[in-house]
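Colleague: Spelled out from the first residue to the last, the chains are:
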Amino acid sequence: MRDVAVIGIGLTKFGELWDQSFRQLTAEAGSKAILDSGVGGKDIDAMYVGSMSSGRFVGQEHVGALVADASGFSHLHIPSTRVEGACASGSLALREGYLSIASGVNDVVVIGGIEKMNDVGGSAATETLATAADQEWEAFFGVTFPGLYAMIAKRHMHEFKTTREDLARVAVKNHHNGTMNPFAQYQKEISIDTALNATPVAEPLGLMDCSPVTDGAAAVVLCAADRIGDFSGKPVKIIGSGQASDTLSLHGRRDITTLDASVHAGKMAYKQAHLKPSDINLAEVHDCFTIAEICAIEDLGFVKKGEGGKAVENKITTIDGSLPVNTSGGLKSKGHPVGATGVAQIVEITKQLRGEADKRQIKDARIGLAHNVGGSGATCVVNILEGM
Amino acid sequence: MPKDVPRFWREIQQRYNMKGNKCGSCDRVYFPPRESCPYCRRESMGKMEKIKLSGKGEIITYTIIHVGPEEFEEQVPYPVAIIQLEEGPKITAQIVDCKIDELKIGMKVESEFRKIQQDGSTGAIYYGYKFKPVE
Amino acid sequence: MTDIGIVSYGGSIPRLRIKAEELADVWGKDGTRIAKGLGIAEKSVPSIDQDTATISVEAARNALKRCHINPQDIGSIYIGSESHPYAVKPTGTIVGEAIGATPDLMVADYEFACKAGTAGVQNCFSNVKAGLIKYGLAIGADTAQAAPGDALEFSAAAGGAAFIIGNEKVIAAINHTYSYATDTPDFWRRAEQKYPRHGGRFTGEPAYFKHVTNASKNLMEKAKTTPKDYDYAVFHQPNAKFPLKEAKILGFTKEQIKPGLKVSYIGNTYSGASLVGLAGVLDIAKPGDRILMTSYGSGAGSDSFDITVTDEISKYERDKAPLIDDMINDKEYISYGVYAKYTDLLYWE
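Protein chains in written order, with the working numbering: chain A, 1 to 388; chain B, 1 to 135; chain C, 1 to 349.
Be aware that a few hints might be false.
Here are the in silico distance ranges between beta carbons for each label pair [what the hints assert, rightly or not]:
no.: 1; chain 1: C; residue 1: H68; chain 2: B; residue 2: G106; range: 29 to 35 Å
no.: 2; chain 1: C; residue 1: H68; chain 2: B; residue 2: K108; range: 21 to 27 Å
no.: 3; chain 1: B; residue 1: D101; chain 2: C; residue 2: H68; range: 36 to 42 Å
no.: 4; chain 1: B; residue 1: A124; chain 2: C; residue 2: D104; range: 21 to 27 Å
no.: 5; chain 1: C; residue 1: G337; chain 2: A; residue 2: S278; range: 54 to 60 Å
These aren't lab readings, by the way, just hints derived from the structure by calculation. The C-beta atom is built at its ideal place from N, Cα and C for all residues, glycine as well.
All chains should be built: construct the whole structure from the sequences, respecting the hints.
Modeller: Here it is in structure tokens:
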């Protein structure tokens, strides 16, 4: 198996981008990543695109070819494949690209992640996101996506005495980190009281516990480690990659407060990287809801099960803490264009490991982990990256 | 939202009568019914027996939905719970006939036949189970 | 002669209630006076997820809980209602599927204003008598409609009762049944219309009283009985005033009427009304008790029944499902705003 490195990154601004189309966003992120990597169009062996629901958000399927076309590669006839795994679509695309290089089939691959969510109204967006849940046995009965995570939160509170304040602290921390990220949808601080008193969405979760509806795209260029010398992009190596699945429905799981897919994807990535959770310098985890970050740091082994809330209270995960989590602002503050999220996490980790994260730079960051979840935990991808 | 009539019609037995199945190899009960038992896999093939569940169970966790999908907007705020049924399986369903502040984890509930959603005022009406506290 | 009659029964009454005062306040009327006039202090209201199908299923399931019959032995289902959820597509098949009685089944939805439920009982009785079926299920249920501000709004309620008719382990034998019908337009709802219209005082003398009186009298003549032979009498109850007056006309006492008079607590459940009353009487009946029940449906007609409670009722597992009074007492009050939202008034034409 060949080693693989990230040699180029590109990101659009995240937010309500009324004047930007699906095509424009994809072209912007893609060209930024390609220019950053120093590869030419003819060097690209394949493209993989992560998009959860372009069909429902912008009425367009077949976006693998569309992205290649929008990026100006139609005449090069580059193989381009769209990958879908709900909110984990981006990192699934990344992993497919990674595997294609590791296996020796390709040398240079461009990965795109995109979602243009604001062209439909709020309730249509909610309904589309709910398609990541079990339509027949969850969504049909009126449960929403926030509702599923709210039930995880309620159970977590019941079993581990986690509080709404613990959840609020996740939002406050991620909003603080977001103030230092010029690409973030929200770049403003919020207080604990703001978070606690926000409009209820699905109790115990309020508006400030939820990631927003976001337009945005992200792209990275992957390259076989033995060919990085051919290109100018500053490399960061992928040293571990794991993926796991679980029941589509939350109620079908072994345990409501544990995302077993996270546990398994994490173990797989750690094993490949020959690392332990304590070796990780920083992590971008899937905080689609505040409770999700608490579960993630538990399920990835950074803290014991049930101690996620305490860890946040003890400031372990702040930018100055022993394990900074979501320095980008996370899904909560940076925004969550679902298909782009997994790729955007890799962009952030790469920036940090290259030392290019400006005000939010973690000193001496060498090893970073990205954790991306699809649905309420039916799909999970974990990647571990190392600076070179 | 599933508005397609055939898709709903196929599930009437599950939604009306909570028909699940049981692995003939390990006795685990599934709802909705599974083609095979994830624990016994090939040993369970052809041994999955149909059973009707009692509709009695206990709330494992719940939420109060304040921002609902379009079909449920008139009902907000409404509770949804994961219920562990007596026979073992866990399911997601709305809780009715219960004041929101009286809901709690561990509460005993039983199923009742209710309207779940409808395809507007001209489309099909979809019925199924909701749960209410046991007196 | 083998008895044919009620093998089991069950009721279903939504737990939401609105008080007469609450309704009256909205329309600038005197709630106390109206409540007293109609003899209805409050009425049951369906929740947003309850309709005639859900009430019918719950009533049928309650009836099945109390007996040990195999739902597959039910050969006919007739549901009487003015508020079938679909104008075309039967409520009966929903109920049949939900109790596991399909597919060897005769099904039809009935409409005859408030007496379609008792018409269902008669048809099940006939089918059993003819030897066509082993058991029949008859249900009268409604989520009655009333236009906002109409006098009917104080009485139109939701509820129903289900009766399993057969000739084995009969808890109450139907000795005689008789019907009386004429063309009398006292109350109607035109096709495509959401709310009914009524003839005000015309609904009384030439309509309700004429039909209920004649049906009851003719039945008693057929059964060779007098009011004194009955322990209980149940009449259709659009309000509390009409059945009490009817009792007086026929010579029944208040004591005979009271146990089956549920309208005061839940309002008029239309097709459910006389059957909920009968269920309430069966909740307390003892072997040998004799019951007269006469329904009334506008348009107009009455079905009258002469019923004798059998010894079988002492073995009958009545406590396996809630009694009518249990359901009356399990309640939650709502405001007119919530009532308007739940009963779709917000979208009235």
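Colleague: Run every hint past the structure and note whether it holds.
Modeller: Status of the hints after comparison with the structure:
Taking 29 to 35 Å as the suggested C-beta distance range, the pair C:H68 and B:G106 conforms, at roughly 33 Å. Range check, C:H68 to B:K108: about 25 Å between beta-carbon atoms, so the 21 to 27 Å window is met. At about 40 Å, the beta-carbon gap between B:D101 and C:H68 stays in the expected band of 36 to 42 Å. For the pair B:A124 and C:D104, the beta carbons lie near 25 Å from each other, so the given range of 21 to 27 Å is met.
One distance hint, 54 to 60 Å for the beta-carbon pair C:G337 and A:S278, holds here, with the actual separation near 57 Å.
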